[in-house]
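**Student:** Turn these sequences into a full structure, and let the hints guide you.
Sequences listed follow chains C and L, in order. Using this note's numbering, read the first sequence as starting at 1 and increasing by one per residue. Using this note's numbering, read the second sequence as starting at 1 and increasing by one per residue.
The set of hints was computed from the structure by calculation and includes no laboratory data. Each hint should be verified, as a subset may be incorrect.
Same chains, same names: a pair is fine if it fits in one copy or spans any two.
[Claimed, not checked] In silico SDA-like pairs for lysine to any residue, Cα to Cα no more than 25 angstroms straight-line:
(1) K228 x K419
(2) K238 x S275
(3) K108 x E119
(4) K26 x F288
(5) K8 x N120
(6) K11 x N33
(7) K148 x I50
(8) K29 x I149
(9) K29 x K330
(10) K89 x G18
(11) K166 x D271
(12) K8 x E324
(13) K148 x N52
(14) K419 x V7
(15) K235 x K270
(16) K11 x K148
(17) K29 x E286
(18) K169 x L184
(19) K235 x L380
(20) K238 x N33
(21) K235 x S275
(22) K179 x D30
(23) K89 x E70
(24) K148 x M302
2 protein chains.
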Amino acid sequence: MLKSNVVKNTKIGIIGLGTVGTGVVKILKDFQNIEITQIAVRDIHKKREIDNLDRSILTDNPFDIVNNPEIDIVVEVIGGINPAYDLLKTAITNGKHIVTANKELLAKNGQELFNLANENNVVILYEAAIAGGIPIIMPIKTTLAGNKIHTIEAILNGTTNYILTKMEKGSVSYEEVLKEAQNLGYAEADPTGDVEGFDSAYKIATLATIALNQRVDINKIYREGITKISAKDMKFAKELGYKIKLIALAKLSNENKTDVRVHPMLVPIKDCLASINGVTNSVVLEGFPVGRVMFAGPGAGMFPTASSVIGDILIIAGSIDTKEALPMMKCHHDTDAEQIDINDTINKYYIAITAANTPGVIGSIGEICGRHNISLASVLQKGIDEQNTADIVVITEACIERNIKSAICELEQNSNILKINNLIRVME
Amino acid sequence: MLKSNVVKNTKIGIIGLGTVGTGVVKILKDFQNIEITQIAVRDIHKKREIDNLDRSILTDNPFDIVNNPEIDIVVEVIGGINPAYDLLKTAITNGKHIVTANKELLAKNGQELFNLANENNVVILYEAAIAGGIPIIMPIKTTLAGNKIHTIEAILNGTTNYILTKMEKGSVSYEEVLKEAQNLGYAEADPTGDVEGFDSAYKIATLATIALNQRVDINKIYREGITKISAKDMKFAKELGYKIKLIALAKLSNENKTDVRVHPMLVPIKDCLASINGVTNSVVLEGFPVGRVMFAGPGAGMFPTASSVIGDILIIAGSIDTKEALPMMKCHHDTDAEQIDINDTINKYYIAITAANTPGVIGSIGEICGRHNISLASVLQKGIDEQNTADIVVITEACIERNIKSAICELEQNSNILKINNLIRVME
Chain C
1 MLKSNVVKNT
11 KIGIIGLGTV
21 GTGVVKILKD
31 FQNIEITQIA
41 VRDIHKKREI
51 DNLDRSILTD
61 NPFDIVNNPE
71 IDIVVEVIGG
81 INPAYDLLKT
91 AITNGKHIVT
101 ANKELLAKNG
111 QELFNLANEN
121 NVVILYEAAI
131 AGGIPIIMPI
141 KTTLAGNKIH
151 TIEAILNGTT
161 NYILTKMEKG
171 SVSYEEVLKE
181 AQNLGYAEAD
191 PTGDVEGFDS
201 AYKIATLATI
211 ALNQRVDINK
221 IYREGITKIS
231 AKDMKFAKEL
241 GYKIKLIALA
251 KLSNENKTDV
261 RVHPMLVPIK
271 DCLASINGVT
281 NSVVLEGFPV
291 GRVMFAGPGA
301 GMFPTASSVI
311 GDILIIAGSI
321 DTKEALPMMK
331 CHHDTDAEQI
341 DINDTINKYY
351 IAITAANTPG
361 VIGSIGEICG
371 RHNISLASVL
381 QKGIDEQNTA
391 DIVVITEACI
401 ERNIKSAICE
411 LEQNSNILKI
421 NNLIRVME
Chain L
1 MLKSNVVKNT
11 KIGIIGLGTV
21 GTGVVKILKD
31 FQNIEITQIA
41 VRDIHKKREI
51 DNLDRSILTD
61 NPFDIVNNPE
71 IDIVVEVIGG
81 INPAYDLLKT
91 AITNGKHIVT
101 ANKELLAKNG
111 QELFNLANEN
121 NVVILYEAAI
131 AGGIPIIMPI
141 KTTLAGNKIH
151 TIEAILNGTT
161 NYILTKMEKG
171 SVSYEEVLKE
181 AQNLGYAEAD
191 PTGDVEGFDS
201 AYKIATLATI
211 ALNQRVDINK
221 IYREGITKIS
231 AKDMKFAKEL
241 GYKIKLIALA
251 KLSNENKTDV
261 RVHPMLVPIK
271 DCLASINGVT
281 NSVVLEGFPV
291 GRVMFAGPGA
301 GMFPTASSVI
311 GDILIIAGSI
321 DTKEALPMMK
331 CHHDTDAEQI
341 DINDTINKYY
351 IAITAANTPG
361 VIGSIGEICG
371 RHNISLASVL
381 QKGIDEQNTA
391 DIVVITEACI
401 ERNIKSAICE
411 LEQNSNILKI
421 NNLIRVME
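**Tutor:** Below, the structure is given as structure tokens:
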């Protein structure tokens, strides 16, 4: 038996026995004073990779768990909106504490669930929903609670970071690496949720809400995936001193507006996020008084995710006798964030252009950008091919997104510019 | 007024108004429901860099604070053993919670103070004592509480990391950089506490105690400083693909023995600790089920340290009404660590040798090492000087420290080996 510092016997119901649920059961069964009372599964007869699993506690009706009067804490690890939403509402109304890894549900219905939890004097903890095994939510709510956090820069999706790392190291195309990742089980058959940035957007919505202390609306988060990144972009970025990463970003402006988004970025190789490779996740927070702190670790997987789920269970179990839910466990945000439109944000940009090999083409690019109030920081012209066309790569100074878009329109109309291959934001 | 999530008005007494104390007061005075009741200073007439400081709450007798019946939480930021030890004992006996940044006191008298706190049903929090603004203690006690942590690798002293970073970037001597660091206020006039590794040893003693869940004895921690690192060592390390860092290390062996130490190490440039530059601190934890997680951020300074002190104050203030101290805030370790002697540890080594430029000298080195069961992983011979001597740098495979020491004795007696310049352990 492992010591758990938990004094009172606490009864747990687990909904879902997939990868994360299995990890939780494997670890949790060794803990003192924590009892797994019931587990909801889809198929109660399926073979499970758990030694000495007591099959009498399995049920195929998850409502058995949320309505079981004995259970103190409901652990939800099925993901998705239905039936998780109804299950958690019922559990909360029945006075049960919640531990969940469900980033989609938190992003879409978090506010409602947190309010319901506060009304019922129970808590919802969700460390596993954001950045897997990395402790990030609890540090924000406890040790960093005295800070005004104004910036989050994060890599929150292991699948896309794995793909981008492989593309960079092997100079291979997105399609090739995706196929390989699917074969290895690092990417799903339908990879949309990861590669189009939905997963990262869910996570940054909740993370920004708690860190910036304003309710962020998932529907107003600008989102762009990695499917348009080419092996050439990777190569050009490297030559210019950058790596390309899918970055989840949240910033508080001086006017207290929030800028939350998910998109690929050129990250300077000296920035610590540039060295986050493979399926690793990382969160960088900046605020006052702490300054800049960084967290990194495994963003997914059976055991790292179980680590965070179990941490949350132990936190609740350790304070289950307190009259009222502790402030550090509550989540309520009276203010809705005033979210900045992507067109009003200010960024540096990488523009990859295929142009005719004509004298003055770089001059035209500079002239068009200049007319839209965009200064160029660096220009790289690469080899001329058989069609007598050249690759031109431009990094701009910081400018308003609206202006870069109108400049791109005008560039596309210029007869010497054959194609705008990509437009990627650049981290400063 | 900043929202603090703290419901009940909490009264704070602060002992010490130096750099950290000043930071705490500057930030804390804006918080709802937190009242600074009294501050102990050495000189109540001294000018202070705090706007609108109410001088009526200053006292030059710190015992006024620990005996003040109104005060709920005593914040100790004076450092050192005396009078901090007596003050905290009195405060705890008087039923006050403690927030302290005093790594030396915790390392030397922590066990006694934690036991006293448990008897008196109060808590001692000390996030600021280890790695400044980085949240590390609370994550271990909460989110990571379900883990068996077996390895800590950390950079816990900003001064030495600043000196080593400067030596590496500028190819300058230790003495030169130390002088510069002293002029800039990054190193003290008497730098012993930092450069000889005492500060790191205090911190790893407490960090290892909490993370490995065994009481580590500060007197049994092997400690070696950075004063013998030369500009040449830096250069050789770089050529071999390493950086030199002062590493605080704690490992749990398979037999549950602990190996805790502080000494310089060659860190592979690909390891994340190699990229921790300047006054930044970093802690890497490895355990099951989480895997490897990393934390990095400012390890010292007025505001980062205040961030951690204030976090601890808010944690206590938020749960001050609970009948009993929460398990996540308690600290008790029934087991004393069985600490491994440095001579019994297994390491890879860097050996820097000055040898006569004679055929066969590398052969002799290999032969002597072989006789002590030490295999060589790489050998580097550098330029021959006017005295016809050569620099030879050896990296060994992993071997027992005892063996390397006897090999070094024998090498020193070999007539072709003029000097063993340095012996530094190598991180794998």
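**Student:** Against this structure, judge whether each hint is valid.
**Tutor:** The hints, checked one at a time:
no., hint, in the structure
1, K228 x K419, "within (14 angstroms within a copy, 59 angstroms between copies)"
2, K238 x S275, "both (13 angstroms within a copy, 19 angstroms between copies)"
3, K108 x E119, "within (19 angstroms within a copy, 46 angstroms between copies)"
4, K26 x F288, "between (40 angstroms within a copy, 12 angstroms between copies)"
5, K8 x N120, "both (21 angstroms within a copy, 21 angstroms between copies)"
6, K11 x N33, "within (8 angstroms within a copy, 35 angstroms between copies)"
7, K148 x I50, "between (44 angstroms within a copy, 20 angstroms between copies)"
8, K29 x I149, "between (38 angstroms within a copy, 18 angstroms between copies)"
9, K29 x K330, "between (27 angstroms within a copy, 24 angstroms between copies)"
10, K89 x G18, "within (22 angstroms within a copy, 50 angstroms between copies)"
11, K166 x D271, "both (19 angstroms within a copy, 19 angstroms between copies)"
12, K8 x E324, "both (17 angstroms within a copy, 13 angstroms between copies)"
13, K148 x N52, "between (48 angstroms within a copy, 22 angstroms between copies)"
14, K419 x V7, "neither (66 angstroms within a copy, 60 angstroms between copies)"
15, K235 x K270, "both (17 angstroms within a copy, 21 angstroms between copies)"
16, K11 x K148, "between (37 angstroms within a copy, 22 angstroms between copies)"
17, K29 x E286, "between (38 angstroms within a copy, 21 angstroms between copies)"
18, K169 x L184, "within (17 angstroms within a copy, 41 angstroms between copies)"
19, K235 x L380, "within (12 angstroms within a copy, 34 angstroms between copies)"
20, K238 x N33, "neither (53 angstroms within a copy, 51 angstroms between copies)"
21, K235 x S275, "both (16 angstroms within a copy, 23 angstroms between copies)"
22, K179 x D30, "neither (39 angstroms within a copy, 54 angstroms between copies)"
23, K89 x E70, "within (17 angstroms within a copy, 43 angstroms between copies)"
24, K148 x M302, "between (33 angstroms within a copy, 16 angstroms between copies)"
Hints 14, 20 and 22, counting from the list given before, are not met by this structure.
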